[in-house]
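Which chain is which? The protein sequence lines are A and B, in order.
Numbers in our numbering are just positions in the first sequence, counted from 1, shifted up by 29.
Numbers in our numbering are just positions in the second sequence, counted from 1, shifted up by 903.
The set of hints was computed from the structure by calculation and includes no laboratory data.
Worth double-checking, as some hints may not be accurate.
No farther apart than 27 Å at their CA atoms in a straight line, the calculated lysine-lysine pairs in the DSS-like style are these [as the list claims (entries may be wrong)]:
no., chain 1, residue 1, chain 2, residue 2
1, A, Lys-342, B, Lys-1160
2, B, Lys-1180, A, Lys-342
3, B, Lys-958, A, Lys-293
Partial pick of chain B residues on the chain A-facing surface, computed with a CB cut under 7 Å [as the list claims (entries may be wrong)]:
no., residue
4, Met-904
5, Asn-906
6, Pro-907
7, Tyr-908
8, Pro-910
9, Pro-912
10, Thr-956
11, Gly-959
12, Gly-983
13, Ile-1150
14, Met-1152
15, Cys-1153
16, Gly-1154
17, Arg-1155
18, Gly-1159
19, Glu-1181
Covered, in the sense of this in silico footprint (three residues per stretch, anywhere, with C-beta under 8 Å from a C-beta of chain B), are these stretches of chain A [stated by the list, open to error]:
no., segment
20, 90–100
21, 246–258
Using N, Cα and C, we set each Cβ at its ideal position, and we do this for glycine too.
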Amino acid sequence: MKVIRISKTEWQGGLDKARTGYGLYGPVKEGQDDHAFRPLAPGEFPDMSYKNSKMSPKELVHPQSEPMFQYNLNPADPDHDIMREIAKDATAKAVIGIRPCDADAFLLVKRNFDTPIYRDPYWVTAFESFTKIGFACNQACSATAFCTSAGSGPFHDAGLDVLLVDTGESYLAKVVTDKGQHFLDVCGFSAPAADAASQIESLQKKAESTIASSVNTDKLKDQVTTELYDAPFWEEISFACINCGTCTFSCPTCWCFDIQDETKGKQGVRMRNWDSCMYPLFTLHGSGHNPRGTKVHRVRQRFMHKLKYYVDKYQDGIQCVGCGRCIRLCPVNIDIRKVCNMMNGYTACSCAVS
Amino acid sequence: MQNPYLPYPVKIDDIVVETEDKNLKTFTFVFLNPADEERFAYRSGQFAELSVTGKGEIPIGIASSPSEKGFVKFTVNKVGLVSSYLHNMQKGDIMGIRGPLGNSYPWDVLKGKNVVIIGGGFAFTTLRSSIVYMLANRQDFGKITVIYGARTPGMLLYRDELMAWEKRDDIDMHITVDGTNDPNWKYNVGFVPTITEKKAPQADDDTYAIICGPPIMIKFTQPVLDKAGYAHDHIIMSLENRMKCGIGMCGRCNVGKDFVCKDGPVFTLAQLNTMPKEY
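Just chain B, same shape as in the assembly:
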């Protein structure tokens, strides 16, 4: 019997400090057993349990894209026991990853459609995965619009990639910050909901919005999307809850009858409307 709790052993191949507060680092892992990479076949929007031996596991969204081969990437916020220990680990250290877990963004539904990605703060990891995936399969999608904001320019994740995407003409980028003293800042200034109101395309049957961000951003972005006419089954969100097993067994991450880890983390707003607000 396959043991779904057994992590694949991996080596830390690279560590990048992402943000000016140094609280977010991106870890690149390579599998110790090359065959495990194939077993770990994933879709954008899924997550995995990062297993630090002797400390425990944390559920983290996969930041790399299925179109990127030879490694997997995770951006980790320093918060608790495991993530703090992980932040002090070094290149070459051995740990584990377990997954992929959860359902992913609905790529079968999104194929051939326009996609609007709205992200805030450090919840941009699976959105990065999605953008890289869509750009690698550009012919499968209509118009791609990205609205991504952080408090300051230094708090934006994946800055080099954001700038590279800005220069492309097959993706409509709207980077924003809450505020900045940088006189050379040539992008938007303003909160994500405000920029969404100005830049998001009007809704139609073929346009889906994926929102990922802090609760306050979601709370104020949703009315904007409502006004722009987005149907609630065209608004796609990714939830977070405390997890342990990641496979729907340990019982803690449920929202109503659904487990965020197994039935989610991705739900449409139409689904969330029928569920208790326990997230």
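Just chain A, with the same shape it has in the complex:
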């Protein structure tokens, strides 16, 4: 494990050097109590005092609205009615201060967008253009975080190129990939940190001990999908849901989208926009039939997708990193931890066992 020590006095100067080779992104204070991941203007630096952003930084790679193609409907144009690709921005970018859970989430989503059969050029190009400089959480961001039992953790480095650990007077930069090493080289950060491993380990232990909540996921893979689907608790879980979609929009591992043509005069673009399984239109057939026509169907879809269908499909982990955003932001207090434990502990028809 290679670790570089970055004193906080050289931090901003290093980042300024990086601007020559990278577009920099990072958490910036927004409103009273929130942060958002945005491009950093010259002279602007990531706010390293933040806990985490309300919305996840998935938008960096998967924008809420994104043009895919442009077209021209003017019959006089030889190109009319033919979709033309819009150049994708593949220039090198670095996101500074992304939290481990959010970086890990990109790897889960990558399984959807980067497959052996199809590769989504928008998502993959954006994903590959980013160098991810993570920022370990020295303490739980919230009482609703359960990252350590969701396959992630406050010092998790999966999906990161560098993991920064704040020791007070300096950052310890754990080099995870060559891409990360290159970024540190461009910044001019090169002071080796000799005894860093033990320091990081003790900070990690301390941080993990502050993650106060957890979920049980060990039995999910052995549950029978159709039995869980027919479990009696979905009615109760979905009872208060107002299908607002906040959970899916704030979730770093939700990726669903819609495709729409938007025309002005004779010019137009084929766009893609975030969509949500919470909305009835998401699955409405042209015939009027809707396979997920009630909110029970839709709430069940969200949890079954994250905690069972994903498990069935990839035989690995759950489609959740435990950031806790959906719990904090849900207006009716639906709690994925509670649902996960209900699903994990479910026994179909206990009446048969006598």
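Following the hints, put chain B in place on chain A, whose structure we already have.
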């Protein structure tokens, strides 16, 4: 990187009104770039996204057969924004098609086997593709039986071809209508499940049934096939769900862990029995 969302530009070469209610039209497309036809190499049972520039895309089963060259055909029901606009388009208009998408009927499994095709209403498009394909490769298949029904004679798709197939002795045709006033109607009258009960061959290991039709037809045909002894892995069905991307990415058409667009649309009944009924 290949862009799987980019449609191939095509020209509408022909438009045929298929049914007496004029709600179904068959569109024949030719590729503007001849090389795209090869890239679009498909199998019967697959679908494509028809892209009407400025309106959007619709997933439609491919009605032409891989054995037919120089064009592709789609029969489109007039339902929503894109299909209604498409119904008003003209020969020579430019649009796009994207695909082929989905898995197709299992032709490697069906090779050398008897195939029973059971279709209802306008869900006969990929079944037409399959029949044309099988007849073009007749030596690769055992007995071919077709049971196809619509509400009235005027609602049957591809009527000229149906009549031509009726005259052949290497395909066993059973056309039916729910009812008709036509005194000259010389085929069956009755619902598809009833005709299936009378005409479908008894099941054996070498006989597969492909069913495509409205949910109500499927609901009443399945018990008939059960009675005739068809194993659930010998009953092949094609699902429909709302789609956008067609490549398993946008998230809406899933049934359990499977995407209808990418892992389907074709599933055996044995597979469907293990999946939630969200279609």
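Which hints, by number, does the structure contradict? none
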